[in-house]
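Okay, so the sequence shown: first residue is 34 according to our numbering, each after it adds one.
These are calculated hints, taken from the structure and not from any lab test.
Watch out, some of these pointers could steer you wrong.
Below, in silico cross-link-like pairs of lysine-lysine (DSBU-like), each with a Cα-Cα straight-line distance of 30 Å or less [claimed, not checked]: (1) K208 - K190; (2) K131 - K182; (3) K187 - K236; (4) K222 - K236; (5) K114 - K190.
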Amino acid sequence: MADLQKDKIRMNRFNRTITTCIFLLSGLCIAQQVMATLANDLQDGQHILLMRHADAPGIGDPAGYVIAQCSTQRNLGDYGKKQAQAIGIWLTEQGIQKAEVFSSPWCRCLDTANLLNKGSVKIEPSLGSFFDEMSLEKRQTKALGAFIKNEMGKQSKAPLILVTHHVNIQAYTGKVVGVGDMVLVRVNKNGEHFSHTIYPSPKP
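Model the full structure from these sequences, guided by the hints.
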């Protein structure tokens, strides 16, 4: 009787061990699928990655700011710089080593884009903020769609990463995102938003 009880205990332990191994392997497979999906989606000619700039303390910009002068703008803080670097590392972990990176002319976006370390950064005016002049929303969003259509038409396999502001992302996708958050957007043939998946910013 005692031996039977011991056998049952051993069997239960064995079953728990097998169950744990299966659970861990399943989690690993799912994680790998997520990584592969993001990298593959960004190379299929139908997806882009929109990103809100990293943490920059404050709201808007000081009165009289000048686009060409970073010292007059709201800029990334120490946390924001670390956050941008962490996002770049996270993207590398997803299999994205290099990308076509475009940024709003605002310094907090340019700094975020450069700290991703995914290649040279190009300025794109349609990614610029219209926070101070919301009447530009429709025109600027239309210009963004035209820019995306043009870039997607180049048939490049390189991932397309666009660093911009929350107002631009909200106008284009209908979603409000936090600093450093990323939105994987599936676009139609006209460069317009079709569907999306939000990836929260990794913590530094």
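So, going through the hints one by one against the coordinates:
{"no.": "1", "hint": "K208 - K190", "result": "27 Å, holds"}
{"no.": "2", "hint": "K131 - K182", "result": "21 Å, holds"}
{"no.": "3", "hint": "K187 - K236", "result": "34 Å, violated"}
{"no.": "4", "hint": "K222 - K236", "result": "34 Å, violated"}
{"no.": "5", "hint": "K114 - K190", "result": "28 Å, holds"}
Consistency with the previously given hints fails for numbers 3 and 4, ordered from lowest to highest.
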